[in-house]
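K.L.:
Just so you know, the protein sequences line up as chains A and B, in that order. Counting with our numbering, you get residues 1 to 348 for the letters of the first sequence. Counting with our numbering, you get residues 1001 to 1261 for the letters of the second sequence.
Don't read these hints as lab results, they were simulated from the structure. Just so it is clear, CB atoms sit at the ideal spot from N, CA and C, and this is done for glycine as well. Possibly wrong hints are sitting among the right ones.
[Unchecked claim] Okay, the calculated beta carbon distance ranges per label pair:
#: 1; chain 1: A; residue 1: G67; chain 2: B; residue 2: A1245; range: 22 to 28 Å
#: 2; chain 1: A; residue 1: G17; chain 2: B; residue 2: A1107; range: 39 to 45 Å
#: 3; chain 1: B; residue 1: V1096; chain 2: A; residue 2: G17; range: 24 to 30 Å
#: 4; chain 1: B; residue 1: R1118; chain 2: A; residue 2: R106; range: 52 to 58 Å
#: 5; chain 1: B; residue 1: R1084; chain 2: A; residue 2: E31; range: 33 to 39 Å
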Amino acid sequence: MTAKTVVALEGIEKTYGSLRALAGLDLGVIEGELLSLLGPSGCGKTTTLNVVAGFVQPERGRVRIDGVDVTARPAWQRGLGVVFQSYALFPHLTVAENVAFGLRERGATKSEIIESVADALALVRLEGVATLRPAQLSGGMQQRAALARALVIHPRVLLLDEPLAALDRKLREEMRAELKEIQRAVGITTIFVTHDQHEALGLSDRVAVMNAGRIEQLGTPREVYERPATPFVADFIGASTVLDACALDASVVEISGGLRVEVRLPRPLVPGERVRLLIRPERVEVGEGAGMLAARVIGVMYLGDHTEVRVELSSGVRLLATVRAAPPLGPGDPIGVRLPADAFLEIA
Amino acid sequence: MIGRLVVALLVGFMTLPTVVVVVASFNPTAILSFPPAGLSLRWYENALTYPQFHRAAVNSLIVTGASALVALPIGTAAALALVRRPLRARGFWSAVLLSPLIIPGVAVGLGFLILAARFGLLANHVVLVAAHVVLVLPFVVRSVAVSAANLDPQLERAAQSLGARPRRVFRRVTLPLLRPGLFAALLFAVIVSANEFVVSLFVSTRVTEILPVAMFTYVVNYTDPTMAALSTLFIAATFAGVFLADRVLRLSRILRLDDHR
């Protein structure tokens, strides 16, 4: 499949007062993919979405859709579908009238509207509530109605601004799966804004991790999780421990505090080289047995299906470990830790 | 117990003048007195047949209707601008728009009178309408601003993303959602304008004077209960108007819709 770029952002800059919301952002969204903009609040992900939608005018840079420069084109001429975090359903209109809104603006005939609205409501499984007002719907139903309203106009791109954030956890997980299904069935190019790493990893074809108005890393969920490009990405996606180390030979490093460990990285190290290593908590092994490093528990968080344990090695290095079935542990308990050589990742 | 008593006294105190006027209007004698000496409708007849009241009632309809018609769009635009736009001088403009509430009516009236005399505008309703627009505007701005502040800007963005240009967004989304505020504004405008006296007194002539001014002129010259009868009719009409408006425009439904959002 040849990857065709549908949305292209080139050097987008936007400031709010003294705040640089977007600092020269470049991004290409490929035909049919679901791309997540993932980052903490204030990283510029929603501003990016608003720039694509045409709600926010950047000070510098271009927005292209299918190669056409639309930077100066107002939102109502861009033909994009937007689902807002608050859903933004029109409270004075019924569900069907909400969905029909965009069709009416396009001058569709009455029979076209009736047919398209019925199809759109069927797509999101909302057939029974067409005559209700948004206020009479549950959060999940409002979310579907907003999705139907955005999709019914056959937008070139679907923009989703934290569409699941307002739902409770159980519903959020259901809607996440359903959203993915619908997106795939429609085959629409989608930009999805979220601060939730699970959502981003679970839904996306590609994830753009944003920080301070720029993209730190763009890649598949697997890439950003397993090969984080920067300490920020490593830290934001998955709670991990970043360690500064000094290479002693091609595969042995000394971590601050004099701890020597073997690492297996894709490249041989040069002795004396300083490297920054990352270890995911699920790769840190804790328990008892021969050859384990002596450590002490400094914090325990029981989370049901797993337990997060903070440990401090005798060398003073602190690590986060997750344990599937942990014996009851308490702060101060002695514990053994093993750091497998292939558990270390190098951060550029 | 004491609380209830205080409330009862307060309500009594507030309604007492109205009650006195209503009762006095049925007095058969030619002198405004209380309690009445009997029951009669002769002053109602007098009020309804007095020619100057007819003329004044028509003037009132013209002035109130025209000032509401002018003040509503201006006030709505001003309210939206005050709520939405990051105006640097928002406080200043807000103060200007609300200033007619603070400036004494005599001052406003005198000002309009000087201007009207200078430009020879006292022969028709123009100055009266202009004065009423100014006096009604603070109420319109306030009422609409409350609704506008409750309006989620995302709704307008949603409409835009669906292909609606700004004028269509205003017609299909903004305006319908401002309805409770617009209705309240209209109600305030009509009530304030219909009861306005001080400023109107300055800029009215015998030909253009509105009902409150005509009533004042009458009461200066005659002391019979005609005025009480007319006041009673006025009160009844206002009540009927608000009640009807509530029924026809289903004010309560509109307001409830606002709560749901």
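K.L.:
Identify every previously stated hint that the structure contradicts and give their numbers, smallest first.
P.N.:
1
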